[in-house]
Amino acid sequence: MIKGWQVVKELVRGAAITARHFFVNMTFHTLRLFGIKTKGRGAVTVQYPEVRKKLSPRHRSLHRLRPRPDGQPSCVACMLCVTVCPSECITVEAAEDPDPEVQKVPARFVVDLNRCCFCGFCVEACPVDAIRMDTAEIRLATPDRAGLEVRLDKP
Amino acid sequence: MFVDAVIVLVKVVLALTWTLLLALFLTWVERKESAVMQDRIGANRASVFGLRLFGLFQPFADAIKMLFKEDFAPTFSQRALHWLAPAFSFFFVAVAIVAVPFGDTVRLFGRSIRLQVVDLTAAVLFVLAMLSLGIYGILVSGWASSNRFALIGSLRGAAQLISYEVALGLSLVGLVMVFPSLSLARIVDYQGGLLFGFLPKWGVFLQPLGFAVFYVAGMAETKRVPFDMPEGESEIIGFYTEYGGLKFGLFMFTDFLEVIVLAAMATTLFFGGWQVPWLNAGGFVFPWGGGIDLAPWAVTVLRVFAFNLKVFFFCWLQVLTRWTYPRFRYDQIMDLGWKVLVPLAAVNVLVTGLILAAR
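So the sequences go chain by chain: G and F. Quick note on this note's numbering: the first sequence kicks off at 1 and runs consecutively. Quick note on this note's numbering: the second sequence kicks off at 1001 and runs consecutively.
There may be inaccurate statements among the hints.
Pairs of lysine to any residue residues, derived as SDA-like cross-links and limited to a Cα-Cα distance of at most 20 Å, are as follows [claimed, not checked]:
| id | chain 1 | residue 1 | chain 2 | residue 2 |
| --- | --- | --- | --- | --- |
| 1 | G | Lys3 | F | Leu1344 |
| 2 | F | Lys1201 | F | Tyr1190 |
| 3 | G | Lys3 | F | Asp1331 |
| 4 | F | Lys1339 | G | Lys39 |
| 5 | G | Lys39 | F | Asp1039 |
| 6 | G | Lys9 | F | Glu1235 |
| 7 | G | Lys9 | F | Gln1332 |
| 8 | G | Lys39 | F | Arg1040 |
| 9 | G | Lys3 | G | Arg20 |
| 10 | G | Lys104 | G | Cys117 |
| 11 | G | Lys37 | F | Arg1040 |
| 12 | F | Lys1339 | G | Ala15 |
| 13 | G | Lys9 | F | Tyr1190 |
| 14 | G | Lys53 | F | Gly1249 |
| 15 | G | Lys3 | F | Tyr1190 |
| 16 | F | Lys1011 | F | Asn1308 |
| 17 | G | Lys3 | F | Leu1320 |
| 18 | G | Lys9 | F | Asn1308 |
| 19 | G | Lys3 | F | Asp1039 |
| 20 | G | Lys37 | F | Asp1039 |
| 21 | G | Lys9 | F | Leu1320 |
| 22 | F | Lys1339 | G | Val8 |
| 23 | F | Lys1339 | G | Met133 |
| 24 | F | Lys1339 | G | Lys37 |
| 25 | G | Lys3 | F | Asp1335 |
| 26 | G | Lys3 | F | Val1347 |
| 27 | G | Lys3 | F | Asn1308 |
| 28 | F | Lys1339 | G | Ile2 |
Everything labelled a hint here was simulated from the structure, so no lab data went into it.
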């Protein structure tokens, strides 16, 4: 009998909590609809395509090759990123660079996003700090697989 | 005779339109209310020419999506029954709405028209019977699907609905003893009086325990989440495992129709139906003296509005309940039905009888 009352009490308390959330949030929504500024927002939703959350500076997004002053990628085609990559998604074809100080540039630098797991090991491994993952580009979806093979040496 | 037939036809069309429109927008209410309860926004993307209106077009988008889906029936199913099951389910709930009084009598062109499709003398029994017949939709769908999970779901549904039918019926016995009639129109008329001179004589004040049992058993009857044994989305997929497209949509729609029927019945039986507190045919008469005179049409509009408001409130409450409580286990549902609700309803009948006899 007493346990039954406790159950009923808890049921009512639960409904009161959800109802409170409903009415508080509805008040905020209604006030904001009429252009009245409120402290609360009524919802934690971020309306994604229109509103973006600020990404953390450490967020690992789409890769990029840092350019040299003359516009060429600063990559020296040392293949360290290709070696360290756990998903084997980086393909680099080396070519000779006219500048004798540099020796090599990538003729082709392709990241296959079908395979990439965004671990960031390539960024860690690069001896000349050429590859970085700080473009803040997170919309990587494409209608076909070919669109996911990104050439990084051609801007 | 011909005019009477036309009047009944118009009333049927109006009542069905009201119910179906309400059910359509109840899907929207359910989405938005659950979202607001959980600090979300809810579906707001469906737009017509860039006009979003808080996602009010979402029900139409859903309907169009379901219409254009493939009308699929598995090869191992029993075709005819597979087709009939959603129709059974839908029909028996939709037909229950004819007994609900939407308002009092209106005088139009020298005729007095009740705002109720038919004033059945045994309307309470009729509605209970139609809600029970809804089981056939579940049973037939489970059987016709030739799918084990669907069959388990439908058997569970049958067990649950039959158990709660007992509590539902018993909870109304006390009410029928207090308002000595089975006609919904008469019951609403009885609730127009005053209790202790100031309280409206609504069923809920005379039968609080009866209302509690009725509401819980009614929630179980709608087979929505705290009592969703037939569906059991998280364990078995339930009696509509093999359904898709518009046939599945019809089952979903039936759930919302049941919510509306329960809301309308709770309003009519326990919350005075279309009665507004202290409003008589001539206008308001307040118990603390004074009053406001109103034209007959204003009284009718107020009463229909009050009925709608109460129904909306109960729909809101049911959605709140559905999104607040976790679901019961099968044995817990049976315990609640047979060991709690049925004895409570019986005690209610006993106490009501003793009080009526002592008076």
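For lysine 9 of chain G and glutamine 1332 of chain F, compute the direct alpha-carbon distance and say whether it is at most 20 Å.
Since the Cα atoms of lysine 9 of chain G and glutamine 1332 of chain F sit roughly 18 Å apart, the hinted pair holds (cutoff 20 Å).
Would the hint linking lysine 1339 of chain F and isoleucine 2 of chain G be met if the CA-CA limit is 20 Å?
Distance of about 15 Å is within 20 Å: holds.
For lysine 9 of chain G and leucine 1320 of chain F, compute the direct alpha-carbon distance and say whether it is at most 20 Å.
holds, 17 Å
Taking 20 Å as the top limit, are the C-alpha atoms of lysine 1339 of chain F and valine 8 of chain G close enough?
Distance ~15 Å between lysine 1339 of chain F and valine 8 of chain G Cα, so the pair holds.
Agreement of lysine 1011 of chain F and asparagine 1308 of chain F with the hint, judged by alpha carbon distance not exceeding 20 Å
holds, 16 Å
Hey, lysine 1339 of chain F versus methionine 133 of chain G, does the alpha-carbon distance stay inside 20 Å?
Violated - the C-alpha atoms of methionine 133 of chain G and lysine 1339 of chain F are around 63 Å apart, more than 20 Å.
Below or equal to 20 Å on CA atoms is what counts here, so check lysine 3 of chain G against aspartate 1039 of chain F.
Given pair lysine 3 of chain G, aspartate 1039 of chain F is violated - Cα atoms ~32 Å apart, limit 20 Å.
Assess, step by step, whether the Cα of lysine 53 of chain G is no farther than 20 Å from the Cα of glycine 1249 of chain F, and give holds or violated.
violated, 36 Å
What's the verdict on lysine 37 of chain G and aspartate 1039 of chain F, does the C-alpha distance respect the 20 Å limit or exceed it?
holds, 18 Å
Keeping to a limit of 20 Å between CA atoms, is the pair of lysine 1339 of chain F and lysine 39 of chain G held or broken?
Measuring from Cα to Cα gives roughly 48 Å; hence the hint is violated.
Tell me if the straight-line CA distance from lysine 3 of chain G to aspartate 1335 of chain F falls inside 20 Å.
Holds. Lysine 3 of chain G to aspartate 1335 of chain F sits at ~15 Å (cutoff 20 Å).
Keeping to a limit of 20 Å between CA atoms, is the pair of lysine 3 of chain G and leucine 1320 of chain F held or broken?
The hint is violated at about 24 Å.
In this structure, the hints that do not hold are numbers 4, 6, 9, 10, 12, 13, 14, 15, 17, 18, 19, 23, 24 and 27, in rising order.
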